[in-house]
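Undergrad: For reference, the chains in residue letters:
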Amino acid sequence: MKYDVVVVGSGPAGTVTARFAAEAGVNVLIIERRAEVGVPVLCGEGISRKIDEWNIIKGTRWMAGKMEGARIYSPDGTCVKLSAERAGNETGYVIYRDVFDQELARLAIEAGAELMTNTNATGLIKEKGRIRGIRAKHFDEEIEIEADIVVGADGVDSKIGKWAGIDTTLKPEDLETCCQYTFANVKNLDSYCDFYLGKEIAPGGYIWVFPKGKGIANVGIGILASLSEAGMAKKLLDNFISKDPRFKNAHPLRFLAGAVPVALPVETVRDNLILVGDAARHVDPITGGGLTHCLEVGKIAGEVIGKAVKEKNFSKEFLSEYETRWKEAIGKKMKRNYMVKEIMLDMDDKTFNMLADSLKDYKFDELSTFSLIKALVKKHPTLLMKLRPLMKVAKET
Amino acid sequence: MGKPKAKVDVSKCLACCGCISVCPRDAIYWEGGKAFVDKVKCISCAICIRTCPVGAISGEVY
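Those sequence lines, one after another, are chains A and B.
Residues in the first sequence are numbered from 1 upward in steps of one, following the numbering used here.
Residues in the second sequence are numbered from 1 upward in steps of one, following the numbering used here.
Excised from the complex, chain B in its bound form (with noise of 0.2 angstroms):
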């Protein structure tokens, strides 16, 4: 089983775009006002978990 990976809650997403700004490795994109993780560039740091401001991002194991 590999690391839980960033995934974000789309029904709680605001497109503040935190998440966006402080990937190291833009693993996150904005497409029709939300946020989603692309899962092979995200290398599990969970800096984008902490930034958002509402809490809509979360680990999951794929």
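So here's chain A without its partners, still in its complex pose (with noise of 0.2 angstroms):
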């Protein structure tokens, strides 16, 4: 087999890439390792109202709820509002992720990409140290394909990267293990995303409730791997549950567990090689968000692969110009959050609570940074002292 382009990985990221590499022209290859594109639904479901500017995905079908905004809970209860342009990547949109995939991948091979699932990639197809294409697994027959370009789409547990001599390795403080529900018959919901922060509640993570309609919700919880023990993020959401009214005769029609990268970028070009989405780390470090950034990477990997195939230029030096061009779209935003990620995770609850106090009647449609602070201090003012940090990151970036 032979393709121009071979991507690993049938997520957005992937299918997004090969979608816009395919309508440049580029011969695509697809591969998915799973039975199913987009099954399981490793994700909490939130997307930003973002995507309704980009015109990369439109309809409606995946879509289960538009959000109103954000409630976001302090381990003491307290609710701070926040209204959808301001909740960030989230919230905005509850969608069904499968679904959601399934049409990327659909518009992917409408425009003339091919996709072959039940493919796992086992290792670089390398010819004097330069990639070649992949070697796969489709179900029990070992395959190689050949390609000019590689790009690797394949999530948090990249391999591509690896094999490629980048080294990917999460360290535990880097990761959100995670595992989710989708219930049944919850009452008392509306059009809001729930976030629950606190140590004893999510550890380095929060608990999140999402509304899909109907009664359905996607609850589930994200904790740092650091600070974690073995079943932890499972007892931990049960408790939640447990003890939350809304979910007293609800059922579970779905568990499932993810991880997310809550990292700094990694190196995202090499000759003949592209990393994109999870397996670059495309991922806002607060929040764990990461399907707004999926289509806004994989749309520039795709065009800098039809030029590359244009001018049968796979360089690394030539490719590089989509990594100059994500990390002026979302570079500045990962780094700054990276930074306020490692200053969140050394607040207390304390701190929390305060901030969540000086902030519940705040009215963030005024925001500035000036106004804030004024609110911030004003109730508590020891706070100035607790978000120094934050605002030297602020400063500086």
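Misleading hints may appear alongside valid ones.
Reference excerpt, derived from the structure (chain B facing chain A, CB under 7 angstroms, subset only) [stated by the list, open to error]:
#1 8
#2 11
#3 14
#4 17
#5 18
#6 20
#7 21
#8 50
#9 52
#10 53
#11 55
Please keep in mind that the hints were generated in silico from the structure rather than gathered at the bench.
Ideal placement from N, C-alpha and C gives every residue a C-beta, glycine not left out.
With the hints as a guide, dock the two chains, each given alone in a separate frame, to form the complex.
TA: Okay, structure coming up:
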């Protein structure tokens, strides 16, 4: 088998890359190790309204509900309400992630990309040190796929980067270990995505409750692997659900586990190789959200691949246009949010409670740094000291 | 008797791939929707055991 490009992984980053490359006339094959695109759903299923501006995915089949905003609960239960515009990457819409992924894959196939399921990459084909394609197992059959560019869209546990010499092993402090239920017959759901913070609730992470309509909710937890013990994520989530009256007569339709990189991005180009999405750590280190990044970064990757194939230039230098452009788009924000993540880890529950108490009546629509600081210190002057590292980051970036 | 090596209970594993992502020796691999440990490569660091969200990994002395 020979293609211009082989994309390993049929998640959003892989299929969007494939689609834009195919639209530029590139001969693309996507391989997926699982039996079905988009399944299992390893996701909280929230996405920002930014998606409306992008023209990458249309239709409503994948949409479970439009959110009015987010509520963030501090450890003592104080609630800070944010409108959808202010709530960042994770709210806006709640989606059916399996349908969403399959729609993106459909668009890639429609643009001319080919897709093979049940095909697990097992190694790179190299010739005199140069990447020439990948080896894979399709069901029981060993196959070789020649390609000028290999795209590693192979997720949090990416091997493609490692095989090319990029160290993608995550430190436990850079990984959120997660699990998630989809519950039916949940009471008192509205149009808000709820987040619960606290060292006892979800150390180094949060619990989420996202409504999907008809009394269905995606409820899950992410905790930092460095603060985790065996089976802790599930235990904490089960404990939360057992105490929340909304779930009294609810039962799960689905239980799944996932892992999310909350790290600084790695090197994303080599000769004949590109990394995208979770494999490249294109995830917001604070929220663990990555869907909008995948769409943004995949489009850039596809366009650069289009040019590379046209020019027959697959060198790291040529492909580095991709890295330059994704860094312009999301690099600065990712770096800043990584620093904020580190600072937040050092903050105790008391500080989060004070923060929430200061912000609960704050009108975020008038958001400016000065008015925000004024609101923060008005009630709790000691916050000024605690938040000093955060302000330093804000000033520097 | 050697140190305990990681072992995945495949009936509990949900293939979240957290363990594969944090293993410092690349000793865990994905096959057919489950994680498996290569016990020759495993260095008994137990990072995977603590990472597993559902407690599917434990130490076993071979």
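Undergrad: Decide, hint by hint, whether the structure agrees.
TA: Status of each hint after checking the structure:
no., hint, in the structure
1, 8, "violated, 12 angstroms"
2, 11, "violated, 14 angstroms"
3, 14, "holds, 4 angstroms"
4, 17, "holds, 4 angstroms"
5, 18, "holds, 3 angstroms"
6, 20, "holds, 4 angstroms"
7, 21, "holds, 5 angstroms"
8, 50, "holds, 5 angstroms"
9, 52, "holds, 6 angstroms"
10, 53, "holds, 4 angstroms"
11, 55, "holds, 2 angstroms"
Hint compliance for this structure: hints 1, 2 are not met, and every other hint is.
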